[in-house]
Amino acid sequence: MPESTPAPAHIGILTISDRASRGEYEDRGGPAIREYLADVLCSEWIGKPVIIGDEQSEIEAAIKRLTQDEGCCLIVTTGGTGPATRDVTPEATEAVCEKMMPGFGELMRKVSLEKVPTAILSRQTAGILGSSLIVNLPGQPKAIAECLDAVFPAIPYCIDLIGGPFLETNEQRIVAFRPKKKK
Amino acid sequence: MPESTPAPAHIGILTISDRASRGEYEDRGGPAIREYLADVLCSEWIGKPVIIGDEQSEIEAAIKRLTQDEGCCLIVTTGGTGPATRDVTPEATEAVCEKMMPGFGELMRKVSLEKVPTAILSRQTAGILGSSLIVNLPGQPKAIAECLDAVFPAIPYCIDLIGGPFLETNEQRIVAFRPKKKK
Amino acid sequence: MPESTPAPAHIGILTISDRASRGEYEDRGGPAIREYLADVLCSEWIGKPVIIGDEQSEIEAAIKRLTQDEGCCLIVTTGGTGPATRDVTPEATEAVCEKMMPGFGELMRKVSLEKVPTAILSRQTAGILGSSLIVNLPGQPKAIAECLDAVFPAIPYCIDLIGGPFLETNEQRIVAFRPKKKK
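If you read the protein sequences in the order shown, they are chains A, B and C. Position one of the first sequence corresponds to residue 1 (our numbering), numbered consecutively onward. Position one of the second sequence corresponds to residue 1001 (our numbering), numbered consecutively onward. Position one of the third sequence corresponds to residue 2001 (our numbering), numbered consecutively onward.
Treat the hints with care, since some could be wrong.
Sample of chain A residues at the chain C side, in silico, Cβ under 8 Å [as the list claims (entries may be wrong)]:
1. K99
2. P102
3. F104
4. E106
5. V111
6. L113
7. V116
8. L129
9. P153
10. A154
11. Y157
12. L161
13. P165
14. F166
15. F177
Simulated from the structure, these hints should not be mistaken for lab results. Keep in mind the model is a prediction, meaning the values are calculated, not measured. Yeah, the Cβ is synthetic: ideal placement off N, Cα and C, and Gly gets one too.
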């Protein structure tokens, strides 16, 4: 039994949708992400939900605030990844990140493509800003668990590598992969 | 039976080849694209064929003209995607597009890789400019149907999302995927 | 039997590691690349090994020097492809290359993903500078052969296309794919 409990990990849940931000549409993506994380994480965490419109400057500001002011080690976005004019989440993510992580988008498109041929229209990406990993997910709630199932096994080790907290997963659900220590 | 027939969709067919543009080589890529589209589309369309050399500024100008002056909802390019010095089609595409669509290149390389290991040398991409989707294909005529078969099921819905005409496909050949309407 | 022997191909082997460059850690990636090349190439070649720290400006300078001064047709890097702050090999590669070759990173991540789910954290890429192909590999020695096995069949033809020497492979090990000549 640990002597002291580590501080809970802060995780940003960023819903990007003009209609949800104006209250014309119930946000279903954000709650789907929260439910997924509650199911998968067994170390302590606090969700930081934000709902904003599809404005690149607002998305950039929200990612920076969640990283720098809220201390999030992980920010999961939903929405704004398609080809339409208002879909600018990948551009905002790339604009603020210091490093891009192309493997996340590649793998998520690959698994979504097993379900629908329009998966190639999703421009979702991932990147690093400071000690935070930002991962874009599509807007469709049913695609959220599918995409996270594919990439989540790599997320805890990624957060270790960028100096974030040690996330532990419910291994019945997701086995977080960490290479064995070498000297 | 519809009361009025919608205007035919304009589709740019852009052959990019120094030798074909100088008449030293018969363009086989452009006709292969036209034949493919004739086979697959059952809504009305008009092809806008253009043959130019491997000059980045000319390729950019041709894409802009086909989009803005010719009203193309789709521009399919062939040629100029390899690693050689004169191969600059992806650079020209990226320079003019407002959004990049990485899933197209990923999927086309994946299917071509099942045929030849040199498929990884093809740098083809896709992107959006205004209401036009630009898709790069390799120069080899036999790779054209193979690549289009992989991505075409997603093209009509992509064009819907960017405000273009409603393309209908011959479902014996290609089933265009459109998600069921939600409010 | 050839009348004259062509000049040996120069191949850069660039280990990028703070610890290896300071001698705190034995470089195992560079020797693994050399051993792989010795096993696979049957035309003559000379390895140009370099060990440097994870500094973007140093990596850029080393790639340029190997290309321009050492006449390398191929530079294989190991290390610096992860998400940590000091991992900047892909950024350095992209900064100096004239063309990027996204298919290499996609395929290497795909094959590594069959082994470990954290393969998506590797940001490795490839690109062209002048008549040189630069390919990033991960730092782990055991991932080196795995990644090179996937992409090597396309490397000799790529080097043909950018004006480099004719590399021949040991076909028991790797079959270099070259399309049949057309007029």
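How the hints compare with the structure:
A distance limit of 8 Å between C-beta atoms decides the matter here; for K99 (chain A) the minimum to chain C is near 6 Å, and the interface restraint holds. Restraint check, P102 (chain A) versus chain C: the minimum CB separation of about 6 Å is within 8 Å; hint holds. Because the beta carbon of F104 (chain A) sits about 6 Å from the nearest beta carbon in chain C, less than 8 Å, this interface hint is met. For the restraint placing E106 (chain A) at the interface with chain C, the shortest Cβ-Cβ distance is roughly 6 Å, inside the 8 Å limit, so the hint holds.
Hint status for V111 (chain A) relative to chain C: violated, with the closest Cβ pair at about 11 Å, above 8 Å. Hint status for L113 (chain A) relative to chain C: violated, with the closest Cβ pair at about 13 Å, above 8 Å. Given the 8 Å rule on beta carbons, the hint for V116 (chain A) is violated: about 20 Å separates it from the nearest Cβ of chain C. Interface hint status for L129 (chain A): violated, as the beta-carbon distance to the closest one in chain C is roughly 11 Å, over 8 Å.
The criterion of a C-beta within 8 Å of any C-beta in chain C is met by P153 (chain A), whose closest approach is roughly 4 Å, and the hint holds. The beta carbon of A154 (chain A) is positioned within 8 Å of a beta carbon in chain C (closest approach about 5 Å), and the interface hint is therefore held. This hint holds: Y157 (chain A) has a C-beta 5 Å from the nearest C-beta of chain C, less than the 8 Å allowed. Given the 8 Å rule on beta carbons, the hint for L161 (chain A) holds: about 5 Å separates it from the nearest Cβ of chain C.
A cut of 8 Å between beta carbons decides the hint on P165 (chain A): the least distance to chain C is about 15 Å, and the hint is violated. Because the beta carbon of F166 (chain A) sits about 15 Å from the nearest beta carbon in chain C, more than 8 Å, this interface hint is broken. Below 8 Å, beta-carbon pairs count as interface contacts, and F177 (chain A) has one with chain C at about 5 Å; its hint therefore holds.
Violated hints, listed in ascending order, are 5, 6, 7, 8, 13, 14; each of the other numbered hints is respected by the structure.
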